[in-house]
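Novice: Protein chains in written order, with this note's numbering: chain A, 1 to 314; chain B, 315 to 626.
Just so you know, the hints here were simulated from the structure itself, not pulled from any lab data.
One or more hints might be untrue.
[Stated by the list, open to error] Looking from chain A toward chain B, a few residues come up when the C-beta cut is under 10 Å (computed):
#	residue
1	125
2	129
3	148
4	202
5	203
6	204
7	206
8	235
[Claimed, not checked] Residues of chain B placed beyond 12 Å of chain A at every Cβ, according to the derived structure:
#	residue
9	397
10	422
11	438
12	512
13	542
14	560
[To be verified] Chain B regions said to be covered by chain A (calculated; three or more residues, Cβ under 8 Å):
#	stretch
15	324-330
16	532-540
17	550-558
For every residue, glycine included, the Cβ atom is placed at its ideal position computed from N, Cα and C.
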Amino acid sequence: MVRTLQSFSGMDDEMGLLEIGEQALNGLIISTFYALTALGLALIFGVLRIVNFAHGELYMLGGYVGYLVVSVLGLPPVVGVFAAAAVLLIVGAVLERTLIRPVYTGKVDRPDEYAIMITFALSVLLLNLANSVFGPWPQRPRPIYRGRIEIGELIVSGDRLAAAGAALALIIGVILVLRYTWIGRAVRAVSQDRSAAETFGIDINRTSMLAFGAGAALAAAAGALIGPVFNVTPPMGVIPSIKAYIVVVLGGLGSIPGALIGALILGQVESFATVLIPDTTRALAYKDAYGLLVLVVILLLRPQGLFGRKERRA
Amino acid sequence: MKTTRTGAIVGGGLVLAGLAVLPLTGIQSYWIYTLTIGFYYALLAASWSLLVGYVGRISFAQAAMSGLGAYTSALSLQHFGWPLPVSLLAGVVLAGFVGVFIGWLTLRLHGAYLGLTTIAFSEILRITVTAEHGLTAGSLGLRVPPLIQGGGPLTYYYLFLAVTVVCLALMLFLLQSRIGLFFQAIREDEDGAASLGVEVTTWKIMAFATSSAFAGLAGGLYAHFVQLITPSMMSLQEMGYVLAMAVIGGFHNVIYAALGGLLLQLGLEGLREVGEWRLVVFGLAAILVLRFAPNGLFGTIFGSFSRKGVRR
Numbered sequence: 001m002v003r004t005l006q007s008f009s010g011m012d013d014e015m016g017l018l019e020i021g022e023q024a025l026n027g028l029i030i031s032t033f034y035a036l037t038a039l040g041l042a043l044i045f046g047v048l049r050i051v052n053f054a055h056g057e058l059y060m061l062g063g064y065v066g067y068l069v070v071s072v073l074g075l076p077p078v079v080g081v082f083a084a085a086a087v088l089l090i091v092g093a094v095l096e097r098t099l100i101r102p103v104y105t106g107k108v109d110r111p112d113e114y115a116i117m118i119t120f121a122l123s124v125l126l127l128n129l130a131n132s133v134f135g136p137w138p139q140r141p142r143p144i145y146r147g148r149i150e151i152g153e154l155i156v157s158g159d160r161l162a163a164a165g166a167a168l169a170l171i172i173g174v175i176l177v178l179r180y181t182w183i184g185r186a187v188r189a190v191s192q193d194r195s196a197a198e199t200f201g202i203d204i205n206r207t208s209m210l211a212f213g214a215g216a217a218l219a220a221a222a223g224a225l226i227g228p229v230f231n232v233t234p235p236m237g238v239i240p241s242i243k244a245y246i247v248v249v250l251g252g253l254g255s256i257p258g259a260l261i262g263a264l265i266l267g268q269v270e271s272f273a274t275v276l277i278p279d280t281t282r283a284l285a286y287k288d289a290y291g292l293l294v295l296v297v298i299l300l301l302r303p304q305g306l307f308g309r310k311e312r313r314a
Numbered sequence: 315m316k317t318t319r320t321g322a323i324v325g326g327g328l329v330l331a332g333l334a335v336l337p338l339t340g341i342q343s344y345w346i347y348t349l350t351i352g353f354y355y356a357l358l359a360a361s362w363s364l365l366v367g368y369v370g371r372i373s374f375a376q377a378a379m380s381g382l383g384a385y386t387s388a389l390s391l392q393h394f395g396w397p398l399p400v401s402l403l404a405g406v407v408l409a410g411f412v413g414v415f416i417g418w419l420t421l422r423l424h425g426a427y428l429g430l431t432t433i434a435f436s437e438i439l440r441i442t443v444t445a446e447h448g449l450t451a452g453s454l455g456l457r458v459p460p461l462i463q464g465g466g467p468l469t470y471y472y473l474f475l476a477v478t479v480v481c482l483a484l485m486l487f488l489l490q491s492r493i494g495l496f497f498q499a500i501r502e503d504e505d506g507a508a509s510l511g512v513e514v515t516t517w518k519i520m521a522f523a524t525s526s527a528f529a530g531l532a533g534g535l536y537a538h539f540v541q542l543i544t545p546s547m548m549s550l551q552e553m554g555y556v557l558a559m560a561v562i563g564g565f566h567n568v569i570y571a572a573l574g575g576l577l578l579q580l581g582l583e584g585l586r587e588v589g590e591w592r593l594v595v596f597g598l599a600a601i602l603v604l605r606f607a608p609n610g611l612f613g614t615i616f617g618s619f620s621r622k623g624v625r626r
């Protein structure tokens, strides 16, 4: 603890206002990426009550659809993002219908266990499928915007800022759809109370299929947006999906505002926690561990997350 | 249930006899090597099924525990100069203690929450081993002294076979004792078991510890066999393979899970000419088995011999 405090005070000496601003902005950009990826996970958990352990691979597939559309067909990157979302919407709906539905129709003996294992096995399948079809080489499709953008004295790379802007627009779009459309109401109703929603005439099966499809589409859009920034490779979804788990656990599984705030917190924690270890290579190596520590602490102390509903059993 | 167990033991005995005489048939030492690796996966998959299949507690940290055993044994041999058996034991004990710790911390958690927490532990371990490259050589890989100085492939083969068989026997002994019943009672209905006087807390922690210790042993032996270990042996991809092996074999029975590990390792080597596609087949098989034959390949085959069939 003393060490931490010392490093914090040490930070003030070394970091000027500009560096702090830079770290904060970087954190914000990363947060929007996390939020978009986590949004789909939260949506799926809200409606289906399952954690999709293949979320990272749906994200990766989105990255590859984006790559095919932009680099192979030569269409604009924005089209790539929408194409990725559209393709994965269908893929997600099909996966829900074939693999996930038995969870809540009583066709499997241990639905919780089955849901965890089938999605984990799905991630093994999809990752290796991409590895076989596209090869392990990294692909770098054209980003939405190239070059650097200056905000006052701050300089940010344009591809990141543009991707973050697009991600933010998508997030706002999803929130509006959830809030004001009939479909959004149905999704929210099912996630609040499955049987009550059914009583009021909402088709649970269709809503579930839609929610999984939409969750997959959001993961795909995130993959297609972020792919050009960090390379498109078969294992590209592994780390983002872990971040998304951290974010949704932080905010409370299934809570959409929680996921957004969780993403905001994680982005800043990672951005500033790197400063705590003086040795830069080790600081970078440990960057992904901070969020995992946060995940463990939250699950142990407050499994319902910051904004989730308390369940009898976590 | 009884018939299933007999089926498993008869089937297991046949496989064991086959494996014992196999090297005498003059097969290539390449396949001896492959099978030796297969024994590692068999033990790892069985240790995972001990926890998941019997106690119903999902862990994604099994590959990480194997890695922990591997690195502990290799590093204590290198830095403290302990004799090899002591180093191996250190790996087993440390993996067991970390198992106690994780089991104790996650007592309140179930299902996906438990899965996520164990993923976090697994990744923290992997990240630490990668980051502390001064000690572990990071992703370059750590050189590990051989288990047997000048030991040939056959020596390793029989040693791994013997260790796997002994460990499986120990697991079966444990699972058929009262403790095994406690485990299954916890899986079926934790509150019910507690109300009938099962010390749920103790046995949940013990299950984690036992499972982790076996994984640590598997990892330690593996390290001294392949003689080069990297943090990728603790990755979630590796965990995915272990899960697929246990699921395909049948994760509600340690023997079936072990056979799954052996079968899949053989399959992976046998299908080398199809390249990376074999891993696709692997993932697809795991999904199909989960969806249509939840008792696994061996559970379904042996279960069909008994009239009642296997209730999971």
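Novice: All hints are to be evaluated individually against the structure, with a verdict given for each.
Specialist: Each hint tested on the structure:
1. 125: It holds, given that the least Cβ distance between residue 125(A) and chain B is near 3 Å, below 10 Å.
2. 129: Since the shortest Cβ distance to chain B is 5 Å, the answer is holds.
3. 148: Since chain B brings no Cβ nearer than about 31 Å to residue 148(A), farther than 10 Å, the hint is violated.
4. 202: 24 Å, violated
5. 203: With a closest approach of 23 Å, the residue 203(A) hint is violated.
6. 204: 20 Å, violated
7. 206: Constraint on residue 206(A) not satisfied, violated at 21 Å.
8. 235: Holds. Min distance 7 Å.
9. 397: 32 Å, holds
10. 422: 6 Å, violated
11. 438: Violated, because the least Cβ-Cβ distance between residue 438(B) and chain A comes to about 5 Å, which does not exceed 12 Å.
12. 512: 18 Å, holds
13. 542: 21 Å, holds
14. 560: 9 Å, violated
15. 324-330: Our answer is that it is violated, as 0 residues pass the Cβ test (under 8 Å) against chain A, missing three.
16. 532-540: violated (count 0)
17. 550-558: holds (count 6)
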